[in-house]
Amino acid sequence: MKTVYMDNNATSKVADEVLQAMLPYFSEFYGNPSSMHTFGGRVGREIQQARGQVAGLLGAEPDEIVFTSCGTESDNAAIRSALSAQPDKKHIIISRVEHPAVRVLCSHLETEGYRVTQLPVDKSGILDLELLDKSLTPDTALVSLMWGNNETGVIFPVEEAAHLAHDKGAMFHTDAVQAAGKIPINMKNNLIDMLSLSGHKLHAPKGVGVLYIRRGTKFTPLLLGGHQERGRRGGTENTPGIIGLGKACELAAQNLVSKSAYIKRLRDKLEKELLAKIPQSRINGDIENRLPNTANISFEYVEGEAILLMMNELGICASSGSACTSGSLQPSHVLRAMGVPFTMAHGSIRFSLSVYNTEEEVDFVIEKLPPIIERLREMSPFWKREDPSCAIQ
Amino acid sequence: MWDYTDKVKEHFLHPRNVGEIENPDGVAEVGSLACGDALRLTFKLDENQRIADAKFKTFGCASAIASSSALTEIIKGMTLEEALRVTNRDIARYLGGLPDEKMHCSVMGKQALEKAIENYRGAPALEAGAKIICECFGVTDKEIERDVRENNLTTVEEVTNFTKAGGGCGTCHDAIAQIIERLKAEPRPEAKPRLTNLQKIRMIEETIDNEIRPSLRHDGGDLELIDVVGDRVIVATRGACATCKASGITLKNFVEHTLKERVAPEITVEEEGK
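Note that the protein sequences, when read in sequence, are chains A and E. For the first sequence, the positions run 3 to 395 when our numbering is used. For the second sequence, the positions run 649 to 922 when our numbering is used.
Heads up, a few of these hints could be off.
If you only want the chain A side, here are some residues facing chain E, beta carbon under 8 Å, derived [what the hints assert, rightly or not]:
no., residue
1, E305
2, E307
3, A308
4, E315
5, S324
6, Q332
7, H335
8, F344
9, H348
10, M381
11, P383
Hints were generated in silico from the structure; no laboratory data involved. We put the CB at the ideal spot given by N, CA and C, even for glycine.
Extracted from the complex, chain A is given alone in its bound form (with noise of 0.2 Å):
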């Protein structure tokens, strides 16, 4: 069975060109870095080529990216670091639709004595900025925002409220771990003082993530040892995964708007579709401010969970927010705080497209996909009983 890989946001393919540029610095390169000897200290040369190729993507200067493990170590860096530059400010603004890497450090910062403001969505997915600028105090560290939704692929504003922040005096990070390689980023253009990434949403390995700080930031490192990417952050470097995330940047910087095009246009095609052939569905999240390859459908009457594993049965991969997926028996905190009725919560199917999606695998979801949700509606107690008028609030 041929595999229909839609799940891109929770992680990717290794691009063959990442992977061939990884692969001799497993057997052959596998010299440390920090290394008197020629063998290592090579290696060095090459992470900082490295750098250079993630620096290009955002817009940045080499000396502003530091390589971590993962996004979320790059979340939890850039939160922590902010605190500690203003150890008299304990006030922390972040949004409702974060992502737990975000989400679960406040609320355990919460515990350490600071306040968090979650700033509410409209049922778009859409930021208020004015209550983002009302919300912040003297009092206010940090603000952080996502840049793209990792359920509904919406877009914040972040470069606004970067401004909104400063004007403030407060710190501003934004988790672009969605966005980067999928929208154009230019890191001249904004006052965002931190920016966390990850290598597997964009085709480089899992395991390798960025921090990027900008220059005259005051940072305090997460974690403590030797002086690797000067002293900002421990420990003998993922020279596999750096070699590779560094080729990824590179090839996600080229032709970034017209692959970006590719993939929006299959995934409007995917959307069109599904909605004309079934009733009762629709689309979570604002149209226009929005990454080009996330699509999160409502199916009302049938249940998330159900429809992934019909779906899995024919190779194709995507994820839900519904309920039973995570066992917590509440659907997601993104659909939520949107206020998408329980109802159309419960079946919400995201599909997340890539550059490796062809024509023909969106043409067979449009062809399966109809008929699983027609089956299960048929086995639901609601279906064509009630009156839909009502059924939509």
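Using the hints provided, position chain E relative to the given structure of chain A.
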């Protein structure tokens, strides 16, 4: 990844008894769209007051659909008394087990069955003296107490996994914790002591005479206890059972199952001379 057994997957992909019986004898609906799973159960009785047919419609995850399918298969052919003795654990066991966080799916089946039988008998829907603890999912103190006792639950999280209580707004977590604490303090029934051989044989005899034979006679069959060798119970089939091709299934699914439950889980049943 789904930690489902092949049997769960099979019942999810090819569910038995989907639909609704017209003019059913009993009908019940539990759960709601808001909670993420709901089950509508209908059944019809035959002239002997046994469940002739049972059908379901379920909105929910794979294990909710599989549990509903399993439930309808289990209860077909049972009297209402027998059906009421089916526990959520029986449903889970029939499916080869369910992941912990999915046990509430089997509990939903059990609740629907009880409610449908109450509906047939015209009895009140809420147990006498029961109080709703979890407003979000309408779970009563009696239901929580029963699941805590039957499944030895010790944390609020476990109670949520089994009953869904506390899975919504969370304001009832303290009340659930109090129920767990209260039941912990209760004197627990002594664990079944190891039976002497004589006690075991007597219990086997009693179970066969009081529970198994009356049920078999109902269908014109009968059974006689021949010998007990260790945990092997040797019986002879009589009446209709003696000539019935399906008597082997009856021995395994009903006679052995009942003896395992009532006397000791190690028991196996064999037919004389086979």
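**Study point:** Restraint check, 8 Å cut-off on beta carbons, for A/E315 near chain E
**Key:** holds, 7 Å
Point to revise | When the least beta-carbon distance from A/E305 to chain E is tested against 8 Å, hint result | key: holds, 5 Å
Exercise for review: Tell me if A/M381 is really an interface residue toward chain E, meaning its C-beta lies closer than 8 Å to one of theirs.
Suggested key: holds, 5 Å
Review point. Holds or violated: is there a CB of chain E closer than 8 Å to the CB of A/E307?
Key: holds, 4 Å
Exercise for review: Under 8 Å, Cβ to Cβ, is where A/H335 needs to be relative to chain E, so tell me if that hint holds or is violated.
Suggested key: Result: violated, 14 Å to nearest chain E Cβ.
Check your understanding: Quick one, is the A/F344 hint okay against chain E at 8 Å, beta carbons?
Key -> holds, 4 Å
Practice item. Against chain E, run the beta carbon of A/P383 and see if the smallest gap drops under 8 Å. Key: Because about 4 Å separates A/P383 from the closest Cβ in chain E, which is inside the 8 Å limit, the hint holds.
Review point. Given A/A308 was flagged as interface, is its beta-carbon under 8 Å from a beta-carbon of chain E?
Key: holds, 5 Å
Practice item. Would you settle whether the hint for A/S324 is holds or violated, based on the nearest Cβ-Cβ distance to chain E being less than 8 Å? Key: This hint holds: A/S324 lies near chain E, its Cβ roughly 7 Å from the closest one there, short of 8 Å.
Practice item. So, A/H348 near chain E? Judge it on the closest CB pair being under 8 Å. Key: holds, 5 Å
Exercise for review: Using 8 Å as the Cβ threshold, decide whether A/Q332 counts as touching chain E.
Suggested key: At about 7 Å, which falls below the 8 Å cut-off, the nearest Cβ of chain E leaves the hint on A/Q332 intact, so it holds.
Hint compliance for this structure: hint 7 is the single one not met.
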